[in-house]
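Chemist: Each chain, written out:
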Amino acid sequence: MQKLSGKSVYKGIVLGPVLVLKKKEQTIKRVGTADPEAEIKRLEKAVELTALQLQRLYEKAVGEVGEASAAIFEVHRMMLEDEDYRNAIYNMIRTETVNAEYAVAVTGDNFSEMFADMDDEYMKARAADVKDISNRLVCNLTGEEETNPTSTEPSVIVAEDLSPSETVQMDKEKILGFVTVCGSTNSHTAILARMMNIPALVGVPIDLDEIHTGMEAVVDGFRGEVILEPSDEIRARTEERIREEKEKTLLLQTLKGKETVTSDGRNVHLYANIGSAGDVGYVLENDAEGIGLFRSEFLYLGRDDFPTEEEQFAAYRQVVQTMAGKKVIIRTLDIGADKQADYFNLGEEENPAMGYRAIRICLKQPEIFKTQLRALLRAAAFGNLSVMYPMITSVEEVEQISSIVEEVQKELEEQQTPYKMPEQGIMIETPAAVMISDELARRVDFFSIGTNDLTQYTLAVDRQNGRLDDFYNPHHGAILKMIRMVVENAHKAGKWVGICGELGADTELTETFVNMGVDELSVVPSVILKLRKIIREM
Amino acid sequence: MKKFEYVIRDEVGIHARPAGMLAKEAKKYESKIVICRDGKKVEATKLMAVMGLGVKCGNTVEVEVEGADEDAAFEAVKAFFETNL
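In order, the protein sequences belong to chains E and R.
Residue 63 in my numbering sits at position 63 of the first sequence, and the numbers go up by one each step.
Residue 49 in my numbering sits at position 49 of the second sequence, and the numbers go up by one each step.
One thing to keep in mind: the hints can contain errors.
[Stated by the list, open to error] When the alpha-carbon atoms are kept at most 27 angstroms apart in a straight line, the in silico DSS-like pairs for lysine-lysine are as follows:
hint, chain 1, residue 1, chain 2, residue 2
1, R, K78, R, K46
2, R, K2, E, K124
3, R, K2, E, K131
4, R, K46, E, K131
Keep in mind that the hints were calculated from the coordinates and are not lab data.
All of these numbers come straight from a predicted model, not from anything done at the bench.
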């Protein structure tokens with residue numbers, strides 16, 4: 001048994017035989033020519049054929065992985081038609097009077113080196129694209145058939161590296177997973193593997209001469225490991241995990257795209273909670289209907305200074321655009337308490353959970369707040385964005401927020417910066433907010449109940465204190481009564497109300513919440529489909 | 001000649017696909033469209049050269065448009081940057 005690690009590009013797990021793909025060493029000889037123009041004619045014919053093949057690959061890829069991922073083959077065609085690349089080949093044929101194959105190979109290497117030398121991971125990965133088109137062109141010049149590796153049974157493909165065209169040309173039914181020695185998670189092959197839902201590991205230090213086709217292997221995309229010739233114990237465990245994954249996928253297939261509605265027709269929105277732009281993939285993968293809580297702290301934490309308006313705008317815009325019209329509720333800065341960043345200079349506090357945090361910082365230091373609001377209002381023009389304010393305890397706070405938002409709006413208007421006024425709501429996470437929720441409901445567009453803080457404040461139990469775990473009971477009657485009160489007050493004012501705390505994902509309470517009339521539950525992405533199943537069976 | 005400056009907002013900078021689309025767009029016009037960054041200048045029609053500039057998110061590029069149809073080309077290229085980059 002041998003265990004190797006690499007970078008995982010798709011989370012999945014498979015077990016099966018290995019198929020080792022070794023690149024045929026393409027040795028291209030330099031041959032002098034007496035008639036460079038004839039070589040150029042040959043080249044032009046090969047370019048035409050290559051363009052046609054790329055067009056076909058593009059069409060195949062559109063069908064299999066969708067337009068966005070297939071675009072790589074369109075880019076390949078454009079690279080093929082790139083003036084500098086073409087001129088370099090022509091020049092070499094003419095000035096050195098050499099064969100077209102040699103000129104293509106050398107030019108391909110030169111351009112690919114240029115990309116490999118760039119100090120940007122994304123651009124480095126483009127070196128493989130240039131190599132891919134150059135190889136294809138050489139094959140078409142020599143009249144070599146494209147080698148289309150196939151195996152009779154579904155296999156784990158192990159190779160030094162795979163080009164995007166190799167990946168797409170393989171018969172999808174025969175691929176269990178990919179393992180490559182080279183390659184980055186930015187490579188198009190990685191992107192294609194993700195789109196094809198195939199577990200893939202790149203950067204695995206595997207010696208292709210030490211392994212052989214037919215060997216058994218486990219590719220574990222969750223842990224980023226490949227295990228060759230697994231022990232019986234590991235094989236059994238892997239089979240169990242594969243079964244679990246299958247069940248999950250089945251759930252996904254039967255519930256994906258389905259409405260979250262009870263049998264008597266009550267509709268509940270299931271949204272996802274996320275903490276960084278990178279989590280959006282999980283949101284879509286689990287078929288959330290939107291993002292109910294996007295914590296904006298990731299922009300502020302782990303750095304030395306405040307994020308600029310542009311940085312924030314770019315991050316928010318990217319998320320709303322990726323969600324393509326689905327609702328994205330972004331919570332404004334919730335720093336303080338257990339989330340600290342040095343440059344805020346918040347200082348030590350006796351009781352941070354009840355201290356200088358969240359909206360309190362924003363109202364006391366409006367310059368920080370305004371930067372975020374400007375970025376949010378600008379990003380709102382690009383999709384379905386809502387803004388949510390945390391830690392509200394009074395009507396006055398909501399009024400102060402409104403006047404700051406108005407100022408920001410006026411500024412944007414004066415500067416003629418495009419923006420849109422987003423839907424605005426507040427978090428209900430203090431007992432005070434619950435008690436005045438009737439008054440608050442008239443002033444905002446929606447409520448989202450933060451049950452974690454609401455429980456801690458209501459029961460006077462510090463969440464950070466492990467000794468109090470037995471006293472922290474989110475099912476406490478007081479909490480449920482509060483939630484009911486908030487829902488009733490929101491509905492009286494014609495506003496919608498959701499739950500974004502951990503309680504929202506508590507399957508024991510789902511029925512209770514739906515019966516109370518909660519309009520939305522925002523939970524970790526992995527629970528979405530489980531909740532949809534429960535609600536549809538109600 | 002007409003010029004504009006632009007700060008790249010796309011997370012991965014001028015990457016392959018937009019560079020390809022830009023080359024396509026630039027070829028529609030007679031005018032010469034040049035992208036400058038840190039003193040390096042390349043023509044927008046040349047996909048690999050544009051990618052070779054290695055323009056990242058937050059970088060500023062200057063775009064120069066010169067030729068018979070420069071007004072139309074300027075507007076089109078500017079709009080292209082604003083929507084795609």
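Chemist: Would you mind marking each hint as holding or not holding in the structure?
Modeler: Hint check results:
no., hint, in the structure
1, K78/R to K46/R, "holds (17 angstroms)"
2, K2/R to K124/E, "violated (33 angstroms)"
3, K2/R to K131/E, "violated (37 angstroms)"
4, K46/R to K131/E, "holds (18 angstroms)"
Hints 2 and 3 from the earlier list are contradicted by this structure; the remaining hints agree with it.
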